[in-house]
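Using the sequences plus the hints, can you model the full thing?
Sequence order for the protein chains is H and B.
Numbering follows full-length UniProt numbering, in which position 77 of the first sequence is assigned residue number 77; successive positions increment by one, without gaps.
Numbering follows full-length UniProt numbering, in which position 393 of the second sequence is assigned residue number 393; successive positions increment by one, without gaps.
Incorrect hints may appear among the rest.
Identical chains share a label here; the pair holds if one copy fits it or two copies do between them.
SDA-like cross-link-like pairs, simulated, lysine to any residue; straight-line CA separation at most 25 Å [claimed, not checked]:
#1 K321 x I159
#2 K126 x V377
#3 K237 x E369
#4 K64 x H84
#5 K463 x M434
#6 K101 x S385
Calculated from the structure, these hints are not laboratory results.
There are 2 protein chains.
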Amino acid sequence: MVVGEITQERDLIIIGGGPGGYNAAIRAAQLGLEVTLVEKADIGGVCLNKGCIPSKVYTHSASKLDDMKNFSSLGIETSKPMMHIDQLQEYKNSVVENLRKGVEALCKANKVEVLSGTASFLTEDKIGVEEGHNFDVYKFKHAIIATGSTPISPENISIDNTRVFNSHSIFDLKEIPEHLVVYGSDYIALEIAMSFHHFGAKVSFVLDEQKDSFEFDDSINRELQRILKKAKIKLYKKHELLAQSVTESEISLTLHNDKGDEVSVTGTHLFVSYKNQPNLNSLGIDRLKMEVNEDGFIITDNQARTSIGNIFAIGDVTEGKQLAVKAIKQGKVAAEAIAGQTPEVDLTFIPTVVHTTPPIATVGLTEAEAKEAGHNVKVSQFSLSGNGYATILGKKDGFAKIVTDQDTEVIVGVHVIGAGAVELITSGSIALEMVAREEDMTFPLYPHPSINEGLLEAVEALKGQAIHLPPTKQK
Amino acid sequence: MVVGEITQERDLIIIGGGPGGYNAAIRAAQLGLEVTLVEKADIGGVCLNKGCIPSKVYTHSASKLDDMKNFSSLGIETSKPMMHIDQLQEYKNSVVENLRKGVEALCKANKVEVLSGTASFLTEDKIGVEEGHNFDVYKFKHAIIATGSTPISPENISIDNTRVFNSHSIFDLKEIPEHLVVYGSDYIALEIAMSFHHFGAKVSFVLDEQKDSFEFDDSINRELQRILKKAKIKLYKKHELLAQSVTESEISLTLHNDKGDEVSVTGTHLFVSYKNQPNLNSLGIDRLKMEVNEDGFIITDNQARTSIGNIFAIGDVTEGKQLAVKAIKQGKVAAEAIAGQTPEVDLTFIPTVVHTTPPIATVGLTEAEAKEAGHNVKVSQFSLSGNGYATILGKKDGFAKIVTDQDTEVIVGVHVIGAGAVELITSGSIALEMVAREEDMTFPLYPHPSINEGLLEAVEALKGQAIHLPPTKQK
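The following block contains the structure:
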């Protein structure tokens, strides 16, 4: 190894070029800082290259296949679709490349110095960057750790990328499984299950860790289960995973159901989305005595600052939900704090989005969480079957649900499953952040006809005043 | 004619069962009033039966045809689509019937008395309702006029419903025109032009009244014109309409361009969306000396009350924009006022939505309006070509534009053209109504990847801090 002769000096070094890292880098550059970004693989990180973006390409294709069910009503005659997963993968690769090049160009335009290599802390103000035979040492004023996470599997499952896949490998699977078994419960497990269902695979879904449901508001969980059932996706709840076996043509999971009976689920392929561990092993933060929680995630304050004052940490390496939206926000806030501003990241109202068919988007407290938090809870729900625009779309599954504090009429949660949920959820986010009361959401005008009116009517239903719900169905 | 022997008494009589009327009726019933709704044709009015709903069925079909351009990228192999407008019309009819029956059932469930017939005021507290040979007289405490409007044509165009159509007849046209000429500039002209373009017609578009553009924010107007051009829809601006001629197989418009040269536009069919006149002719409001403006529209206060204290008017018969969203809001407010509440309708932030491909949705002031209103205006714009989710969708046309007051940082206008615009616009409406400042829109978390992030980046661009815009393109 060739160790650089001199220690180079840098203002801000960001380790990891995923969404958190590159958003931090560009925001810091916008604020006048000189920024160095160290990435050992591809700019864009797991989210862009192997996670959220590829998954959305798949779910988008799946939703277009789903749309075709209504084509003949809409006067559109066409042949039964054939799915070519190789073409979809080419498109996925071109989208990923296109976006990655875009981010690289933005880094360049913002004069962000990009170093290729693996970084590790030497002291609280020095890191080494190893690339091939070179090892360069940099002294920094500030650093941001944005190294992300890596999927891990349950003990008794091993990923072979031939029959058994995780999120890093599933998007390279060159065939549509005859029978895909999904083990997990998170957004990517749901997106994979729904995508391959639409692509023509038989899908079975085993909830991980003996869960008895997904982790949304109970009403969403129920609707989602109804939708999975309608799609003939069999759901295994409260089953303990005992063993996995793989042959040349099959995979099989051995489970115990909640009565202790042995159940076997056999398919042709297995997809596992279990947990992600923070990428901290080779980073040397133990050397720095940086505070981590019991699961090994870095503890940060509301400016994404670690226990070491000049080092920040963002995204999947930190405590809490592992979502790109969190990494992006923390990244911007860290950059702003380093630039001398006084920003704050508040993850209370982090939106969760799943591109199932129909999509799910929620923000704020579930009904159960609101009760647990001590609110005098009032809820209401408006089914999209009562929404004119959903009728036009032929997409009447789903609803909007509102959770409020009865005493203050402040809205504390917005939960949508149905067409347009993702785009609509930002109405909820803005309302929650602005401490909107019911009337703040009923006063504005909602375009007609639109799915948006479903959100309005959900709020109106709190007072028994949804127009398109019969009086008996309203409190 | 058989005149009813006795004058019957009613609390609240609503004349007209369109979106304004039926929303008013149901809201009034929800608040404990006894409600009588008089409708001479179909419940749901023009919007449901002949206007916005049918138009959205057409635009939805058109958008699905447009989606198919990306199918092969998405791995979906299918044959070239054939468009069957008769099937689409069947679907349109079934949607309309389904929705109308839904509204009828809701009226029933809310114990709204529905009378079939034509109403006219006899005095300030009496109306007659004529149905066939019967004429019944009703004394009322309150009345709401919700009779809507009827499309009219320019002097030199006559609608024959064979070659020349307006919005009441175009949705029954049984063929796809070889060459459709559209005369107008409003949302329905745009929706018809775009729909038939996707259905395979050649489309030419003549702006009415010698307009030189559409009536959105200038940036939207430009993007829309670019999109029309890309769709090979020829746009005639600043042309004066001189004459129309119709043969058995052709229609032709004779125009003068702005240089005074004669221009002829010939097609196989003509669609006209010009103006709508209030349906007040047989209503007898002149007898009541009700105040109307110079164009004959009823003047109302911010509770939708006319100059006669116990009579309210809502929707297209009143001054201002002729949009269902206005009628619905005014209807609810009128009902609440009559029930003794103190509601208010504020139409400042009325959303305008057009289901072109891509859709347009705007709320609040345009840049020009904001300047005229005396704001120290600052604007920013974020192109969807920089949005990751738009890239996945293959829908990179369009942008989000924000108009703010520089001195207060209060947002005064949100303008979106692009995928997801309609669902996204309610974020803008809520923000505007809550007097959001820039930071109220940058503080919340936006799901990743999503079109929603385009809205965020448009706001961030106000300070030169959109992540996905190079520094040179931001101020």
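Violated hints, by number in ascending order, as checked against the structure: 2
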